[in-house]
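With the hints as extra help, turn the sequences into a complete structure.
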Amino acid sequence: MGFETKPVIGGEMYEMASRFATEAGEELAAIAEAHAQAACIGRHWAGIAELGWMATAIPETEGGAGGDLADLASLAAGAGRAALALPVAASCGVVPVLLAGHPILADVASGKARVAAILPGAARDADGKALSAAKALDGDAVGVETPPDPTHVALAIGGDEAVLLLVPTGAAGLQTATYLRIDWRLAADFHFGHVAIQPEWIVARGAQAMRRAEAARDVGALLTGVECVSAMGALVEQTIHYLLNRVQFGQPLATYQALRHRVAEMYVEYETLRGIVSRALRAAQSGEEASQAISFAKLRLGEAGRAVAESAIQCHGGMGMTEELPANRLCKRLMMAEFEFGNRVFHATRLLAGQEA
Amino acid sequence: MPAAIDYEAFREEVRDFALRNCPPEIRAVVASYRKLSRKIWYPWQKILFEHGWGAPNWPQEFGGTGWDTRQRVIFDEVMAECDCPPQYHHGLRHLGPVIIEFGNKEQQERFLPGILNGTDWWCQGYSEPGAGSDLASLRTTGRREGDEYIVDGQKTWTSHAQEADWMYTLVRTSKEPKKQQGISLLLIPLNSPGITIRPIRTIDGWHHVNEVFLDNVRVPVANRIGEEGQGWTYGKFLLERERLGGANIAPHRMALERVRDMVGKELAGEDRRAERELLNHRLLLAEAELLGASELGRESIEAAIEGKPLGMLPAVIKLCTSVTMQTISQIALDAVGDRLAPRFKRVDGEGPNAEAPGIEWVQNYMYARVRTIYGGSSEVQKNVIAKQLFGM
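Protein chains in written order, with our numbering: chain L, 9 to 365; chain S, 12 to 403.
In case anyone wonders, no lab produced these hints; they're calculated from the structure.
Virtual Cβ for every residue (Gly too), placed ideally from N, Cα, C.
Partner residues aside, some chain S positions facing chain L, computed with beta carbon under 10 Å: (1) 291; (2) 304; (3) 308; (4) 323; (5) 327; (6) 400.
Heads up, simulated DSS-like pairs for lysine-lysine below, C-alpha to C-alpha not over 27 Å straight-line: (7) S/50 x S/356; (8) S/319 x S/247; (9) L/14 x S/398; (10) S/46 x S/276; (11) L/14 x L/340; (12) L/14 x S/319.
The structure is reproduced here in structure tokens:
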């Protein structure tokens with residue numbers, strides 16, 4: 009066994025999730041066609057539902073397992089080791105926060121209700137302005153991460169008429185187009201064509217709705233960070249393994265200082281990301297205001313993720329350009345993670361606004 | 012079971028002590044970013060010592076404070092916030108732990124008190140003209156003559172030699188097949204006959220390093236730490252301590268806050284908004300890097316307290332914070348450079364222009380280049396890390 013990195017949080021759930029992700033990744037990698045890949049992802053979703061992943065953080069009184077943030081983080085850390093192509097942060101962390109106290113939670117816990125989360129600012133009208141809830145819904149939310157065959161969207165709309173809605177995907181005027189993302193996860197475009205808001209869709213209004221949406225985004229960003237530390241660690245390990253075994257000019261590539269230094273730089277990025285994500289997780293667990301710590305972690309994730317992924321591809325040479333290389337699933341996952349739950353600009357803007365206040 | 016520690020009360024206690032007892036003229040120097048000298052460090056070390064806080068990094072039986080990791084971190088943070096000089100002197104951080112670990116009882120009694128109360132000032136005689144990153148190639152010799160060593164050679168990049176009383180020095184006491192063998196660690200009084208100290212002029216305009224020439228310098232054998240020929244082991248132990256000093260990220264974060272403050276003032280007003288926002292954004296990225304490093308610093312202080320190996324943490328922290336500190340100094344230069352760099356020296360004055368307030372930002376930018384060179388250059392740190400990662 010070669011060099012091993014460590015996750016933000018370990019334990020039994022981490023080990024279990026890591027094993028699941030590795031097997032799922034191998035199965036998915038053997039499939040070439042998009043529709044067959046989507047079907048495979050559907051089976052994996054059923055698998056984690058059966059294992060109770062979505063129930064993790066839902067209170068027992070509402071049909072869940074009553075776990076805490078550490079449990080969620082263990083799952084995310086394990087899933088990240090093999091870039092599991094399922095919306096772990098969104099479905100296990102974000103949706104239960106958005107829908108806290110809602111009767112649908114029991115079905116969310118079992119995996120029967122499959123909810124895609126559209127956070128404030130993601131849905132836009134035809135003029136590119138944030139969707140308004142003043143009257144019927146008219147606009148689009150594109151590239152939204154989703155479970156397979158979503159049954160609902162949880163739509164958070166900001167502005168004067170801030171509201172959090174739980175809209176069935178079968179609602180009149182709502183159209184869905186499904187995609188595979190570059191990291192093999194599922195995404196959907198939701199088109200709202202004059203969808204009349206039904207009173208029973210309203211989960212929360214006004215400031216309460218926005219507080220929930222922001223808390224949900226923070227949980228999502230934090231879990232994504234935890235996941236990426238594992239992905240980055242695995243990527244460092246796989247790059248080391250490749251360089252030790254690939255021989256050129258009569259010597260293993262691992263003997264060349266230019267490559268050794270590049271890997272050392274990757275390792276430094278990985279360690280400092282682990283540091284800042286651990287710090288954010290500790291802040292969130294202590295119950296104190298953690299938004300700032302999370303924003304800093306997400307900002308760093310954007311910088312470090314690209315640096316490590318690009319170096320890994322470079323160190324693998326031509327193999328780094330091939331779809332078959334498992335390390336590339338990790339690279340693509342890191343690249344996508346940068347955009348989830350607020351990209352670099354979003355979090356930098358939030359931090360700068362906080363400084364001026 | 013010991014009573015739970017009230018960390019917030021501890022933080023208040025430290026802050027109250029610092030603000031009450033650290034002389035304003037010392038805090039002004041620290042706040043101004045100037046290089047610190049013995050004149051600044053010594054009085055504060057004396058004050059801390061008298062309060063029982065002279066050596067938070069030492070074991071309690073030798074005058075340490077017995078604080079846990081969190082208290083150590085809080086102490087460092089508050090010291091930085093209050094602009095107190097960081098407790099980073101060669102005696103306290105480097106040599107003290109070596110004497111505690113490898114010195115005999117007599118040496119401990121003779122040298123530790125002066126380090127603790129600040130009356131003895133130490134510098135490090137390691138690098139030589141032919142032995143920089145490749146320290147084990149050092150050629151300064153120590154020839155045994157009765158109960159003395161006769162030391163001949165030259166040391167360089169010796170920080171604080173101009174104001175120190177002592178130099179802990181690596182010398183070659185025998186020729187062995189491996190260059191790491193045959194080296195001994197000697198403690199040499201700088202007022203010994205045969206020692207000449209010459210300042211080195213550096214790009215930042217501050218005087219901080221020197222050349223030290225040793226010509227037939229007589230050093231008692233009693234001033235040798237540990238075994239003859241085992242100096243490399245002690246030197247390495249010491250270097251690990253030196254790198255652990257990097258675990259204290261609080262002064263770095265304070266430096267960043269100062270730059271942020273300066274950027275806000277220097278680039279005030281609506282017409283400079285774009286410049287200001289660009290620099291503030293770069294500062295945020297730097298801050299994120301420091302926050303990651305501060306967590307690793309915490310982990311390594313914890314490991315040191317528990318006596319666990321530090322592994323690659325010191326190298327990782329050194330590598331990333333050195334670059335981040337350079338980045339911060341670049342941002343500061345970007346804010347003031349066009350105005351101040353042209354006025355570095357008056358032709359009719361001496362040294363950097365004292366009449367150009369803020370000139371230290373320019374000096375500091377130049378000085379910051381050394382951060383990736385000293386204490387094990389970035390290239391050496393990467394070699395160290397790669398060796399662990401690849402197992403070869």
